Every structure is written in C-alpha cells, then in structure tokens.
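Chains as they are written, first to last, in this note's numbering: chain A, 1 to 206; chain S, 1 to 125.
If you are wondering where the hints come from, they were derived from the structure by calculation, not from laboratory data.
Be aware that one or more of the hints could be misleading.
Simulated coverage check for chain A against chain S, where a stretch passes if three residues somewhere in it have a Cβ under 8 Å from a Cβ of chain S [said to hold, decoys possible]:
(1) 70-84
(2) 100-110
(3) 153-165
(4) 180-186
(5) 189-198
Here are the simulated lysine to any residue pairs, SDA-like style, with alpha carbons at most 20 Å apart [claimed, not checked]:
(6) A:Lys160 / S:Gly79
(7) A:Lys160 / S:Pro68
(8) A:Lys75 / S:Gln72
(9) A:Lys75 / S:Val76
(10) A:Lys185 / S:Pro68
(11) A:Lys160 / S:Ser78
(12) A:Lys185 / S:Gly79
(13) A:Lys75 / A:Gly108
(14) A:Lys75 / A:Gly188
(15) A:Lys137 / A:Lys185
(16) A:Lys75 / S:Ser74
(17) A:Lys137 / A:Val60
(18) A:Lys160 / A:Lys137
(19) A:Lys185 / A:His128
(20) A:Lys75 / S:Pro68
(21) A:Lys137 / A:Val149
(22) A:Lys75 / S:Arg119
Quantities reported herein were computed from a predicted structural model and do not represent experimental measurements.
For each residue, glycine too, the CB sits at the ideal point set by N, CA and C.
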Amino acid sequence: MSPLSGRALAAAALAALLVACGGPGATSGSSAGGTPARTPSSSVPPAAKSVPAVGRSTPVRLRIPAIGVDTPVMKLGLAADGSVQVPPIAAHDRAGWYEHSPTPGRRGPSVFLGHVTVGAYGDGVFRHLAELHRGEKIVTRLENGTAAVFAVTDVRTVAKADFPSDEVYGNVNRPELRLITCGGKRTGAGYLDNVIVFAALSSASP
Amino acid sequence: MRRTGLSAMALACTAVLAGALPAFADGAKTAPSPVPTATQAPSSAPSATPSASTAPSAVPSAAPTRAPSSGQVSVVPSGAPNTGVVPPASDSSNTGALVGGGAAAAVVLGGGAVFLVRRRQANGA
Chain A
1 MSPLSGRALA
11 AAALAALLVA
21 CGGPGATSGS
31 SAGGTPARTP
41 SSSVPPAAKS
51 VPAVGRSTPV
61 RLRIPAIGVD
71 TPVMKLGLAA
81 DGSVQVPPIA
91 AHDRAGWYEH
101 SPTPGRRGPS
111 VFLGHVTVGA
121 YGDGVFRHLA
131 ELHRGEKIVT
141 RLENGTAAVF
151 AVTDVRTVAK
161 ADFPSDEVYG
171 NVNRPELRLI
181 TCGGKRTGAG
191 YLDNVIVFAA
201 LSSASP
Chain S
1 MRRTGLSAMA
11 LACTAVLAGA
21 LPAFADGAKT
31 APSPVPTATQ
41 APSSAPSATP
51 SASTAPSAVP
61 SAAPTRAPSS
71 GQVSVVPSGA
81 PNTGVVPPAS
91 DSSNTGALVG
101 GGAAAAVVLG
111 GGAVFLVRRR
121 QANGA
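Take these sequences, add in the hints, and give me the full structure.
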C-alpha cells in the first residue's frame, strides 16, 4: 500500500505543481468599469463676456479638483502622420498641452490631452474625465506664475470616426479650454470614442 | 494490480499536462503587453518634412507636416487622438482561468487516482 500510494501521490502532486506554476501570475485587476457614455445637452457658447486678460505663457500644471487631477503639463506637437502627439505611456503619466493651440487664457481653444488608461500601468491621468459636470473648475497654472481658471461648459463622448475637429480646434470668440481623452467601448486595439471636455475662462489670478 | 494503478496514474498525468499545454502557449504569447502606438515619445521638434528640393540645412525645419492655418489653432491635427492604451487584463485573466482550471483538474484527477490505487490495494490485500 504505502510504496504504491506514495508514488501515486507524488506523481499527482508533481502534475498539479507543473500546471499551477506554468501560467503567469495573478492578473492585475482590470479596473475597467465601463465609461459612462454621457452626452449632456450641448451648450452653445454665449457671446464673449469680459474676462481678465491673461498674458501668453506656457501652461506648466493642470488641476481638476472634482476628479482629483493635479498634474504637470508637457508640450505636445504633431506626430509624423499629422495627428496630435500624446503623452508617453508611463506609470505616472502626465497631461500634455498642444503647442499649436493658444495658451490658456488667450482667445481661442487651448487643447490639452491625457490618457484614460496607460496599458499595464492602469489608469491614466484623465481616467475620470467623463465624470466632470458643467460648472466644475479647471485650473491651469502658467509658466509666468499666473493661473487661468475655467468652468466646464460641456462634456461629450464622440465616436473617433466622427471626431469634431471644427468644434475642438475651430475659432471661438473667448478663451476656452479643451480636454481630450479616450472613452467608450474598448476593443483589442483601443477605445472607440473620445471624451471631450469643453470649458470657458471664468477667472484669472496673477 | 500495481501495474493497473500505475497505468491509471500515468494516463491521468498525461491528460492533465496535455490539457495545460495550450494555456502555456497562450500565456507565453500574450505575455508582452501590446503597446500599439502610444509609446512614441513626444519629441519637442516634429519630424522635418522631407522636401525634394535642395540640400538639407544644418538646422532641421520645425515645420510640421501640415501647413499652418490662420486660425487660433495654427496647425489643426488630423484624425482623433489616441489617448488610451487598453490594459492587457482581459487576455491574462483568460489565461489565468485556463491555468487555474488545469490545476484544479490535476488535483482532482490525482486524488481520484490515489483513491483508486488504495481501493484496489485494499481489495487485493
């Protein structure tokens, strides 16, 4: 009994060990959580109201208290294919400012981009961008020490195939802000939608 | 009798290992996380447009690939930004389930084989 059953037990244990150790370790929990595809009522920007003048200065920091964002800002240009560059994929990714757009506080749409997720690193800096509501505050700190404060006017989730370039990059008659990330359904290749936050300058501090 | 028990054990182990092999292959294949396009580090200077004209100047032109416009956004990018790299969680969770299932099957089969051998020995003794 003992030699045979011992051998059998050892063989079974060996088989179990081989199978259990072969695979990769425990998966990092998918913090997926479907992005709510909210499409609030669009707001037509009202006529330009008097806003304090903000000097032209590169943004260095972006803060969105409602969703816990406080990030340094890097400059982004154009990629070789003519699309906008995006921040690098990293553990603590940053937001980026598109350098061919006006600086925050100047008339026109100042465009910022950030990742919603950064692959194996998990959530990106703009993970909760779609949860912003109208009126919530966005603070941009500029290189010259001033701050331009914006209020959210609209949050949209749009299909990438129908990206509204005119509304994002087109001329406006007041200082505005655009925050862009990805959202919507995920496929193996990435996200199908973009989340775009529209905001208008509400105040500026020296 | 012993021969029968050992044969049963060998058969069970072979079956379990054979069933686990696809999981290994799948895991090894999907181990490197796919990072499609976003790894491109943003360079401060956009790539110079190769013009078919004169010799290249010493200082690369900072002109983007798209002509500047007179709008507030001086160069409008094309297409939608790719601001999200999907976490590889779904793939690895499938692989994890396969491996977990294989391990469980191995334990069950091994236990069954031990039980079978002991019972045969008890009957024979």
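Original post:
Within a Cα-Cα threshold of 20 Å, do lysine 75 (chain A) and glycine 188 (chain A) meet the stated pairing?
Top reply: Answer violated: lysine 75 (chain A) to glycine 188 (chain A) is near 29 Å, above 20 Å.
Original post:
When you check the alpha-carbon spacing of lysine 75 (chain A) and serine 74 (chain S), does it fall within 20 Å?
Top reply: holds (15 Å)
**OP:** Would you check the hint for lysine 160 (chain A) and lysine 137 (chain A), treating anything up to 20 Å between C-alpha atoms as holding?
**Re:** violated (26 Å)
Original post:
Going straight from one Cα to the other, do lysine 75 (chain A) and proline 68 (chain S) come out at no more than 20 Å?
Top reply: holds (18 Å)
Original post:
Given the hinted pair lysine 185 (chain A) and glycine 79 (chain S), is their alpha-carbon gap at most 20 Å?
Top reply: With a Cα-Cα distance of about 18 Å, the restraint between lysine 185 (chain A) and glycine 79 (chain S) holds, given a limit of 20 Å.
Subject >> Given pair status - valine 76 (chain S), lysine 75 (chain A), alpha carbons within 20 Å >> reply: Within the cut-off at roughly 16 Å; holds.
Original post:
Taking only the CA atoms, is the gap from lysine 185 (chain A) to proline 68 (chain S) under or equal to 20 Å?
Top reply: violated (34 Å)
Subject >> Three-residue Cβ test at 8 Å for the coverage of the segment 153-165 of chain A by chain S >> reply: holds (count 4)
Original post:
Between lysine 137 (chain A) and lysine 185 (chain A), does the CA-CA distance stay at or below 20 Å?
Top reply: violated (27 Å)
Original post:
Given as covered by chain S, does the segment 70-84 of chain A meet the bar of three residues or more with CB within less than 8 Å?
Top reply: holds (count 11)
**OP:** For the pair supplied as a hint, lysine 185 (chain A) and histidine 128 (chain A), confirm whether the alpha-carbon distance does not exceed 20 Å.
**Re:** holds (15 Å)
Original post:
Is lysine 160 (chain A) close enough to serine 78 (chain S), meaning Cα to Cα at most 20 Å?
Top reply: holds (11 Å)
Hint check: violations occur at hints 7, 10, 14, 15, 18 and 22; the rest are consistent with the structure.
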